[in-house]
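Engineer: The lines below spell out each chain.
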Amino acid sequence: MTVFHFFNCAILTFGPHAVYYSATPLSEYDTLGTSVKAAVVYLATALVKLICLATFLKVSESDSFDPYQEILKALIGFIDVAGLYFALTQLTHRNISQNHKFQAVGLGWAFADSVLHRLAPLWVGARGLEFTWEYILQGLEANANLVLSISLAALGSLMWLRKNKPKTLIPIIYLCAVIVATMPSITSYLRRGLGWHLPKVVGFELFTSLVMAFISWQLFSACQRPSV
Amino acid sequence: MATPPRKPRNREMLFDSVIALVFILVACVDFCDGATVVDVYRLIQYDISGVPFGSRLASLNHHAASLHFSPHADLSRTVLLIPLRELNMSFVQEYIVAGKPLGGLIFLLPQMFNFESKDGAGSNGDDGSKELLKSMLAELEQILIHANLPYPVYFAFEDDNIDAVLLDIKKNDASGQPATATTGGYKFVVSATEPKKVGSPPITNIQGWLSGLKTDGDSHQLPTIAIVASYDTFGAAPALSVGSDSNGSGIVALLEVARLFSLLYSNPKTRGQYNLLFGLTSGGPYNYNGTRKWLQSFDQRLRETIDYAICLDTIGSWENELWIHVSKPPENAFIKQILEDFSSVAEELGVQVNLKHKKINISNPRVAWEHEQFSRLRVTAATLSELSSAPELLESTGGLLDGRQFVNEAAIVRSVKLIAESLAKHIYGHQGKNVQIFADNSNLAVNPSYVRSWLDVLSQTPRVAPFLSKDDPFITALKKELEDHTDEVNVQREILDGMFTFYDSTSAKLNIYQVASVTFDLLLLLVLGSYLIVLFSFLVITTRGLDDLISLFRRPPSRKVKTA
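In order, the protein sequences belong to chains P and B.
Take the first sequence: its letters are residues 1 to 228, numbered as in the numbering used here.
Take the second sequence: its letters are residues 229 to 792, numbered as in the numbering used here.
Keep in mind the hints are simulated off the structure, nothing from the lab.
There may be inaccurate statements among the hints.
25 Å max Cα-Cα, derived SDA-like pairs, lysine to any residue [as the list claims (entries may be wrong)]:
no., chain 1, residue 1, chain 2, residue 2
1, P, 200, B, 665
2, P, 165, B, 771
3, B, 398, P, 120
4, P, 200, B, 736
5, P, 200, B, 756
6, B, 399, P, 130
7, P, 58, P, 81
8, B, 564, B, 525
9, B, 737, P, 129
10, B, 398, P, 130
11, B, 737, B, 449
12, B, 424, B, 391
13, P, 200, B, 755
14, B, 358, B, 312
15, B, 587, B, 571
16, B, 737, B, 373
17, P, 200, B, 763
18, B, 737, P, 2
19, P, 200, P, 120
20, B, 362, B, 443
21, P, 167, P, 211
Derived coverage of chain P by chain B (criterion: at least 3 residues anywhere in the stretch with Cβ under 8 Å from a Cβ of chain B; other residues may be distant) [claimed, not checked]:
no., stretch
22, 7-18
23, 122-133
Being a predicted model, the structure only gives us computed values, none of them experimental.
C-beta atoms are modelled at their ideal positions from N, C-alpha and C, and glycine is treated no differently.
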């Protein structure tokens, strides 16, 4: 019965990634290599982030929200953006369109994040006898994270790869990118600074991820119009 | 292209559904809490000459139900959580006495019976309900001790965590959904190994010797007076059997009498011409098995010097009447003397002491009073007790009810005074004179704080003999205390013999899990499956168009057409 629950949570956490890959044209153009490379870049970035966190951050005994530490954490979080930049621009891919490239990178990025952060707790926790909503919520969080990663990758590809974009949209693109990149810090603030419970935070994450996805999709199509 | 305008609408629909899903989840989450761990104490498991009694299992892994279970439910795989306040005797009759199958039983005792809680003393409820609970618990304890229950039975104390769990279980039961594997609810798990027999249960007797003053040239042995109390307990839950009254009060009185006489005997001028022998014996609930071993170990000559022995048993909660139980006829010279000593002091203290004679039947293995072991070896002895009649086997032996808050310190202080004063009368030959040796405010007065501190220690120490190891800190402490007050202390280590066999694992940790049902998991799988299918269709439609999605399902038949 509890293995059943683990199975359910795993479907919720990792299913959407697979569905996204197989449902979109990504599978037709065989972009798996790109995704794998992005995942490797994610792992390297995570390692660098860990080293930075361990070096610069004090271990806080209390679970309270310390603004200075959180700003530092947010700054370290921008290493993610650097990693994503590397994945989008420096990796030599096969000839795939920008359109598919950012999706593949975002997908690989989000999948690596899910595996790294959620698989072990899921394996340990969800098979226990005690039933909690926590792992279902974590699965939903993984879905929000997938949407956010793809949005960030889309915005990144707009920033760094597309040359002829409307001048008026550039500040908006940068603003959105900053918002998406600081999402982990925002949720951390909500959870610890305001003491929101996990369901509320996950709801917020789902909501904002969809909003950001909508905005970045609109921006992307707006940028595409002149070239079409 | 007709597809672009459709996209936002689809997204909004997804929006709505996701938000709705989130709100449903948020609404449900409030009921959840983490795994709870509760200390539980197992019902004793023992055999009397091979006949099994008590709870025969220790490990537990069942769904929980309350007393509001539906009458036709099969409870053989259900553990019942029963607060003592709601227990009714018809249930006890039906399930425990008649032996209907159950998965397990957990009794929730009010905090006032918990010897570890600080606020337990009289804070809960009014006296009427308290008395009712006490009598109910006493009845339940006797029934449980003498029943053979093939499932685990545990005791726990009410606290906020378990009360919340109980409330939830009651709610479930009231809604007509008893907890089983398919409907979720709470699961109670005690992971314990199978109880093992306690091989050769130890009994440890401690004796202290305070020698009297021998006048020069007297070749005769000095006479001896023995003061004896049995210190171990027996109760439904061995880990909770602290026995403050039976026989914690007797031990405290003995220690205080020893302390008072050690003060007197330390000065040669006030040293009496009697030896004093203090005995703390084990095995009391089992026909005073330890007392018998202790007496048998005596030298015949020593045994003959014992003028008489006073046994102290349950003297901690009397008002103004104590009993002297004897097995020799009241006409016996020593008995007369004892009664005279005691009743004259009692008169001064304003209390009453009565004599009760009960003949012993040598062929009957039951030894109801400790002095009967002395009498069987032809040593004059009497038991001082507040109980007016002899208890049955395993009755009044310091069970669940016998807690600190039901013992009256003042009664113990009075008992000590009575015993010490009448002993002094006998030793110093003050019979008929109105002399108070242990008067209040003198330096020989009974020390109430000494009594209180020892009573507190005893009331926090479960003392069921088979579970007290030979070098238990408690036994060491008793020995050390006697060493402080007497000249010579001997510890006798024996093995409890006779018909009793005991099994270990007296306390455990109960894990309470809130579990989801299989139906919930199936439903969740269904929801997740449809979510993934919807997501797939949505993505295919938005990125490739509706026709692609339809063609995905058409492809296999078209291939067949090709091969054909």
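Engineer: Indicate, hint by hint, whether the structure satisfies it.
Structural biologist: Cross-check of the supplied hints:
no. : hint          : verdict
1   : P:200 / B:665 : 77 Å, violated
2   : P:165 / B:771 : 22 Å, holds
3   : B:398 / P:120 : 36 Å, violated
4   : P:200 / B:736 : 38 Å, violated
5   : P:200 / B:756 : 20 Å, holds
6   : B:399 / P:130 : 19 Å, holds
7   : P:58 / P:81   : 23 Å, holds
8   : B:564 / B:525 : 28 Å, violated
9   : B:737 / P:129 : 16 Å, holds
10  : B:398 / P:130 : 19 Å, holds
11  : B:737 / B:449 : 56 Å, violated
12  : B:424 / B:391 : 32 Å, violated
13  : P:200 / B:755 : 21 Å, holds
14  : B:358 / B:312 : 11 Å, holds
15  : B:587 / B:571 : 22 Å, holds
16  : B:737 / B:373 : 22 Å, holds
17  : P:200 / B:763 : 23 Å, holds
18  : B:737 / P:2   : 22 Å, holds
19  : P:200 / P:120 : 24 Å, holds
20  : B:362 / B:443 : 54 Å, violated
21  : P:167 / P:211 : 23 Å, holds
22  : 7-18          : holds (count 6)
23  : 122-133       : holds (count 6)
Consistency with the previously given hints fails for numbers 1, 3, 4, 8, 11, 12 and 20, ordered from lowest to highest.
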